[in-house]
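Number of protein chains: 2
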Amino acid sequence: MKEISKLLDYRPEIRVLDATLRDGGLVNNFFFTDEFVRDLYRANIKAGVDYMEFGYKASTEMFKESEFGKWKFCKDEDIRAIVGDNDSDLKISVMADVGRCDYKNDIVNRSDSPIDMIRIATYIHQIPAAVDMIEDANRKGYETTCNIMAISTSGEQDWRAALEIIARSSVDAIYIVDSYGSLYPEQIARICNLYMEIGAKYGKEIGIHAHNNQQLAFANTIEAVGDGVNYLDATYGCLGRGAGNCAMELLLGFLKNPKYNLYPALQFIEKHITKLKADGLLWGYDVPYMLTGILNQHPRTAISYMGENRTDYTEFFHILTGRD
Amino acid sequence: MKEISKLLDYRPEIRVLDATLRDGGLVNNFFFTDEFVRDLYRANIKAGVDYMEFGYKASTEMFKESEFGKWKFCKDEDIRAIVGDNDSDLKISVMADVGRCDYKNDIVNRSDSPIDMIRIATYIHQIPAAVDMIEDANRKGYETTCNIMAISTSGEQDWRAALEIIARSSVDAIYIVDSYGSLYPEQIARICNLYMEIGAKYGKEIGIHAHNNQQLAFANTIEAVGDGVNYLDATYGCLGRGAGNCAMELLLGFLKNPKYNLYPALQFIEKHITKLKADGLLWGYDVPYMLTGILNQHPRTAISYMGENRTDYTEFFHILTGRD
Chain G
2 MKEISKLLDY
12 RPEIRVLDAT
22 LRDGGLVNNF
32 FFTDEFVRDL
42 YRANIKAGVD
52 YMEFGYKAST
62 EMFKESEFGK
72 WKFCKDEDIR
82 AIVGDNDSDL
92 KISVMADVGR
102 CDYKNDIVNR
112 SDSPIDMIRI
122 ATYIHQIPAA
132 VDMIEDANRK
142 GYETTCNIMA
152 ISTSGEQDWR
162 AALEIIARSS
172 VDAIYIVDSY
182 GSLYPEQIAR
192 ICNLYMEIGA
202 KYGKEIGIHA
212 HNNQQLAFAN
222 TIEAVGDGVN
232 YLDATYGCLG
242 RGAGNCAMEL
252 LLGFLKNPKY
262 NLYPALQFIE
272 KHITKLKADG
282 LLWGYDVPYM
292 LTGILNQHPR
302 TAISYMGENR
312 TDYTEFFHIL
322 TGRD
Chain V
2 MKEISKLLDY
12 RPEIRVLDAT
22 LRDGGLVNNF
32 FFTDEFVRDL
42 YRANIKAGVD
52 YMEFGYKAST
62 EMFKESEFGK
72 WKFCKDEDIR
82 AIVGDNDSDL
92 KISVMADVGR
102 CDYKNDIVNR
112 SDSPIDMIRI
122 ATYIHQIPAA
132 VDMIEDANRK
142 GYETTCNIMA
152 ISTSGEQDWR
162 AALEIIARSS
172 VDAIYIVDSY
182 GSLYPEQIAR
192 ICNLYMEIGA
202 KYGKEIGIHA
212 HNNQQLAFAN
222 TIEAVGDGVN
232 YLDATYGCLG
242 RGAGNCAMEL
252 LLGFLKNPKY
262 NLYPALQFIE
272 KHITKLKADG
282 LLWGYDVPYM
292 LTGILNQHPR
302 TAISYMGENR
312 TDYTEFFHIL
322 TGRD
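Line by line, the protein sequences give chains G and V. Position 229 of the first sequence, counting from 1, maps to 230 under the numbering used here, and the rest follow consecutively. Position 61 of the second sequence, counting from 1, maps to 62 under the numbering used here, and the rest follow consecutively.
Calculated from the structure, these hints are not laboratory results. Do not rely on the hints blindly, as some may be mistaken.
Copies of the same chain look alike in the list, so a pair counts if it fits in one copy or across any two.
Dumping the calculated EDC-like pairs for lysine to aspartate or glutamate here, alpha-carbon to alpha-carbon at most 20 angstroms [stated by the list, open to error]: (1) Lys-3 x Glu-198; (2) Lys-278 x Glu-78; (3) Lys-272 x Glu-316; (4) Lys-272 x Glu-309; (5) Lys-141 x Asp-77; (6) Lys-47 x Glu-316; (7) Lys-92 x Asp-10; (8) Lys-272 x Asp-313.
As the structure is a computational prediction, the values presented were derived from the model and not from experiment.
Put together the whole structure using the sequences plus the hints.
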């Protein structure tokens, strides 16, 4: 059981990362208004959030710029238009997917960029390519994290092997990513143990990025906090793909470090998140996402089903599990 | 850390109680259609649920029958109209509040009633009255539980004293009740330890009834399962006061005993819960409930605020915390 003295105190090493634009961008193809992004930036500063992720650094060869909002690509000039010289304690991050980012050309030296951290997202079968991206970003002066996605589809032997390769790189933090929202806190505790063990061996921080398919994104995040995980992803109003993520407002309400403030989060949600909901943007816990979570499947079938405004959940259950 | 062998196996002692009518009745003043109640009864049987709580046994002296649906009062003949002789493994429970139930007159002998279990709900300052109700119900042949409400407003010394009194009664199970949805899994673990210690001493089962103000109702329930708690409350679609309860569908998806089935729950939700939502009944996680949860307050202010369709969360924060 966790020590009560630790529950009432705080670890100054904890870092909160706002992934609203990046994971939320998967819901609206990154079409956020500049006002939304500017207010989010200000809210994060006032709330004491440590990192704000603006979106992806996606290859313009692979993705048409006309089909997405600008935060799919996160050009330095677009970030600068929001943050200027970013005269604040808030650091800027972007995500770069293995195989979907022209990192050698599109990521310039940190000294010439408003970006502070590159987060490399990888599946477990792409680790060497991820390491190449980590080393490229590290050479250019960036902080880096490596986010191994969809770990619920592989097992402990694979995780260990992958972690050993990644941890030997120059990466600063390695993320536990529950892409399908299928993991229970009891499993998160075991996974944290493994990541923390290898992180300690190589001097790496550990992070967590959770999804809310089973209403466990916040619970899994604070389970990880109790297990020693320091990098925590959250999004305002849970905004994120499918069932969404750990709610920033819940996390700020939980953390004890006085640098974190809930009130600016309420201001932002009141002005912007309620509007997205009212405008019909679809995200957040619902039965179809629960089913893909329980069945450890990618949420894409549930997202497509929800987009049709259907509520014939038993039929969706058959779609997911087959009738043969 | 919990044993992995226990996580993949199950305890046959676990009992699932459907509190949809009772806690959901607090949302719609118990005005459920007979079709809703009949389908719920059938869904519970098919899903393998162990107990179905029909509502409250409220005093008709204190509450006008014209102002509530019949499940506020749970007359035996109304239950019989749904369940007949209840030729099933599903047991029937009702809740009796200390100070709001004319139990000596309104609760007849179990042999003359369709009810199997009386759940006595009490605040911590009413324990002797609760014990009187427990003994009355026990003498009449019922299973009994004692649900100590709003424990987050008192401390461990009080809990211990209350538990020692209750555990010496003839009660069968004692419930941990997080009425305000303010408790984190780490606190639930500690509370379970205390309840389990005293439960073991007197041979009593322990139960949990959670609220979802911080999206933790399911997480807290499965935390308690891992800690040895056997009586688990849930409601379909989280239907319950304010932020609602632990979702039955999540719980059935989690439990490993093959007697539990998710599919009938999906059928019921598809037919009935989606309709209540579409008709505008208000329940389930939202920012105002989160705030009363974080602040460890009764949800009534949030319920009233939500009823006005307001989203000025910062103003609500001031209402809760004061401006002086």
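Against the structure, the hints come out as follows:
no.: 1; hint: Lys-3 x Glu-198; verdict: both (18 angstroms within a copy, 18 angstroms between copies)
no.: 2; hint: Lys-278 x Glu-78; verdict: neither (29 angstroms within a copy, 45 angstroms between copies)
no.: 3; hint: Lys-272 x Glu-316; verdict: between (37 angstroms within a copy, 12 angstroms between copies)
no.: 4; hint: Lys-272 x Glu-309; verdict: between (27 angstroms within a copy, 18 angstroms between copies)
no.: 5; hint: Lys-141 x Asp-77; verdict: within (15 angstroms within a copy, 75 angstroms between copies)
no.: 6; hint: Lys-47 x Glu-316; verdict: between (46 angstroms within a copy, 18 angstroms between copies)
no.: 7; hint: Lys-92 x Asp-10; verdict: neither (24 angstroms within a copy, 45 angstroms between copies)
no.: 8; hint: Lys-272 x Asp-313; verdict: between (33 angstroms within a copy, 8 angstroms between copies)
Of the numbered hints given earlier, the model fails hints 2, 7; all others are met.
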